[in-house]
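Student: Chain by chain, the residues:
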Amino acid sequence: MAKKDDPRRFLHPATIARIARLDLRARYVETNLRSHLVVDVSESMHYGHGPLNKYEYACTIGACLAYLLLRQQDSVGMITFDQNVRQVLPARSHMVHIDAIVKSMDVSRPREKTDIEKILRQVCESVQSRGLVVIVSDLFVDRESLFRGLEMLAHRRHDILLFHVLDEEEMTFPFTGTTRFEGMEEMPHLVCDPRALRDGYLEALEEYLVEVRRGCTKMGIDYNLVRTNDYLDAVLSKFLHRRMAMRTMPGHKKAAPT
Amino acid sequence: MEFFLNPWSMVAGGAMISAPILIHLINRMRFKRIRWAAMEFLLKSQKRNRRRLIIEQIILLMLRCLMMVLAGLLLARYIGYQPPPETDESGVRIVPGTLHVALLDDTLSTTDRTPQAQGGEPDAFSVARKRIKDLALLAAQSEIDQYLRVVLMSTQDVLFEGDPKEGDALNQLETKLNTLTPKLIHASPREGLKKCKALLEQPPLSKEERQAAAEEANKTDSQGEKKDDKDKKEAKLAVKRVWYKRLYVYSDFRDSDWGRRVGSEGLYRLVDDVRDAGGNVWLVDAADPPRQPGAESLVVYHNNYAITDLRPEKRIAPGNSVVSFTVEIANLGGDTRERLLMKVFKDGEEDFTVNPDVTAPPPGGRVRQTFEMLFEAPEEGQQSKQHRITVWLQNVDVESGLLADNFRHTTLEIRRDVPTLVIDGSGEVGLQPGGDTRVIKDALESAKDSETTKVVAAGLTELLRDDLEREYAAIYLVNIENLKHPKPENKGEEDLPLERLKKFVDNGGNVVFFTGGRIDVDYYNKVLFKEKKGLFPVPLEKQVTEKLSDEEIEKRRNSSAPKIYVLDPEHPVTVGIAPLQLSIPDLIISQYTPAKDRSDWPKAARKEEEVKELITLANLKKVNDATRGQTQGLLKKLPIDDAAYKKYEPLLSKHKSLIEQTLLEAKADEMYKVANALEAMLNDKGPKPKEKDNVSLVEFWSRPEQEVQDLRENIVNFRRDALYGSPLALTRKYGKGNVVAVLTTSGTAWSGWSGGKQGGAASFTFPMFMVDLQKFLTAGGAGVSQLVGEKYEITVDEKLYEPRMRRLVQGEDAENKKGVPPQPGIPAGFADVGELTSQRAPGGKLVFSFAAVAGPGKQGVERGGINIFRLKPKGKNELEDRWVAFNVDTENESNLKRAASNDVSRPVERPFEGRGTIGWYNVEDPPQDQGMPSSKDKKNAKEDLSHGPWLFLVFLLILIVEQALAVHLSFHAKRSEPAA
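Protein chains in written order, with the numbering used here: chain A, 1 to 258; chain B, 1001 to 1980.
Treat the hints with care, as some may be off.
Stated by the list, open to error - With a straight-line cut-off of 30 Å between C-alpha atoms, the simulated DSSO-like cross-links for lysine-lysine are:
1) B:Lys-1845 to B:Lys-1530
2) A:Lys-218 to B:Lys-1044
3) A:Lys-118 to B:Lys-1044
4) B:Lys-1845 to B:Lys-1791
5) B:Lys-1637 to B:Lys-1603
6) B:Lys-1736 to B:Lys-1530
Because the hints were derived from the structure by calculation, they are not lab data.
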């Protein structure tokens, strides 16, 4: 029975029943998040000078997020890629699934990534239902392909989280003296005086980051630039707080809970 | 340039030049490897900065190259940079070098000491020695070839020859110079310059040529030598050597040697020849004080006293007689003192009987002092005994000047009798009363203190003796037709008597000629006079004078006019008769051999060798209208009325009236009175000669106005013509001896001087004249004194003497060695310096020779003192000692007056290309001279960038920029990151 002050007292009980079903479905979707972690395990991710290289850092991020999601009984899937999609784990909500996720991130012979659009299309195809897609990569790919891939994901109304992992050296380019830079992922090598090129490098890098950030913002992708020397707990904590704050913001599009 | 052509230098230079490029490339090759993910941005950056990077690298490379260039320039400045090699027309490389020839004056005058208070080198010789060392050091620093030759002025020997840059050449030169001592001799710079000129004309071998010659000498002519080596050697030597010629004269430049005067043209011609041949002549004055640039004509010099002469009145004196010695002291400077302290030593012991206090000569003047000493007769059994006498001027030249000329030595032989040789052309006739020999013998042997004089009459063959100078004190040649050998055995012996006589006089003997009717005038003129080169002092007229008639003789005897005039009243020969010349009007010379006119007498090269007229015959001009007219004419010219000579007017008027009065009163034969009156007018010293306002005619006649001088000359000529006729007695020096010629007979044949029919009261003066003449002839003087530095020979007959003799030398400090027992057979104060061997000479003679300067294999007398030459006669046990005194050459060396700077170094009159220069070498500020470095070169070198700090600052700046850029652009490995 509808209470006196219940606005639904004027509705037909059949309508109310129908709404109740819809509400139930919504509640189901809200409380049972299907999330997919897309981790870049290509050759370029194996660069790093600190305790963790980009690959290790990215895997740690993925593992942490998977653990947190599984803890709240959400289902988590895992997709790793380099030249192609290397491994796809369907989303599960059992806590034991964490082992499979971690194992799937272990790569012995990394390869270069060539066509990111293709990979993201595969991701798109493999994740049928709307959910959370967390991409962890250094994004050393063609920007146009990247944006086209991300657009595909965004078009499927996935809530996309992008962790852009870069090494500290890649951000600051601190090298001195004549150096031979041997390109990963079939890039050419270059002997140069790094200090002579530093400014140009940082300028190009900044352009790239701005372009990526702008593209992500345009598509409503939650973009996070992380450095491998950042404390991981701080990075995740900051990220989660920001996500929670975003939910309370007026006009916030209802997104999958995290 | 050869430094850079050296292959090793080329390699080093190439390495240096390529160093920056290599450094650059090496730095490019050293890099670290990084596998990099974000290559996209790096490539993009590299693409954007490509141009800037290339420019930076190029700048770095250029900076490094610039550094190398700068370093090379700085290095080249100090190591062997030379202008590009010059080549001649055929393309042969011209290699320059400098040939230095240094003439070192090591004669007596260079012992002139520097006052100790001034410090520095003790004497001029040491200064010269040091300057040569400085020259060698300077030459050793030169960049081009150098060759040095050092010539000694005394001997003209080459002391050193070599390249100062080679090995221990400098040490060798220093050792030789340090052991060198000045010679106490006189040596003309002309001989040294001749030698230097010859050495300058002999280009030395270059270093390569010397090495090649040494290698050639070492290498045998075996076939092992490859042709390639030979070609290489020839190619190496295919250069043209050009030697800059430099002549340095290290001397004290005394006026006596270097003053411009008649006779010094030859010396300066040699210097000019060197200059005209392109050589530079540098005059280095070593004497103290240094020449001042402003005082060209007046060069300050040290005072110096010298004993210029010491001679006994007789060379050979009888025993137990008092012998008078004459010492001449010269004050050759500006020292003014009244008295001097003179010590006299006899046989090494000071003789306290001689008054040591003597009058000092005025500045620039000389005084002659006489002192007497008693000599005992030789001991029983000895025919003669030798004594040595030394005079020492004490307390003069204490700080500066020469010491060697404050001593003078002489010897005196004391004999039981003193022989004089008379050779009479008339033979035995001359010994008859009135004969030529007889009057000489009588005059000499009968004179007081002449007990030991022994006149030996002999023929011409006596002149053939070897020991003429030892045997005879003097030789009289009386009315000798000629000096030809009467009986020559071999060809060439005809002139032997003349040669012996010349040698006798040359060695200090004295000879007297009396003419007469027998003499061959042609022989006298052609052989004995021989254009001034012979013994006889003047040429003779062919015809003797006509004999005076008896009336004329009587007329002259009655005339009061003097018949002879003594022209030099102070000469030892005429000193006795000079006061009596006007008192013997009855002296009749009825016939004589007239000498040719005085204008025909050739001038002697040296003043001392000039003929000196001792006595001249009176002209006996009459006082007549002609001579009166001439005298009046002269008197009219006297400027009595001239206002310019007003103050002389009283004296001139007085003398004019006196002369006019004499002209009136004089008899016809009393022209001498007129001449005397004229002479009185010329020599009137005024009434108050010692007062300032005195007016004298001597002053008047010395006025510079031409009219006064012309008048004076006319009066002098008139007086001389009026008084003096043909010369009667003359003398001249020949070698070290004297020749006296009396142009009439000694006997009574032509002359009444020695008595006879024509003789009168005047004949008492003949013995006086002869005794004075004999004293002059037997006086020691230079006859027994040799000069240190002159060649000396003793010639003996090999039949009479052994070919060896010993030489005893007076010890240096003989006077100080009192009490030291003499060695057996050696007189006290002497030391035996060794044995000498003679050389054979033609005619069976033995010659013992002494060089001017002792050296290897030759003996010489090096210092003043007595030398005893001890000969061993064959077949006798007794040794024969010949004592010879050696003294330093005071006439040429003691006067320390220095030649005017502008006299020695005259500017070039007509400079032309290739002509060198003559100049004074200023030690403090050496002149810039091509071919060798000098301190002035460095001082006056053109300033360039390297003299300032800016070049080095720029260098430093470039270095800093380069380093900064290099650090900026290059890889510097850290410990943790190894280089690739």
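Student: Now tell me, hint by hint, if it's right for this structure.
Tutor: Hints and how they fare:
| no. | hint | verdict |
| --- | --- | --- |
| 1 | B:Lys-1845 to B:Lys-1530 | 27 Å, holds |
| 2 | A:Lys-218 to B:Lys-1044 | 26 Å, holds |
| 3 | A:Lys-118 to B:Lys-1044 | 26 Å, holds |
| 4 | B:Lys-1845 to B:Lys-1791 | 18 Å, holds |
| 5 | B:Lys-1637 to B:Lys-1603 | 33 Å, violated |
| 6 | B:Lys-1736 to B:Lys-1530 | 19 Å, holds |
Violated hint: 5 only; the structure is consistent with all others.
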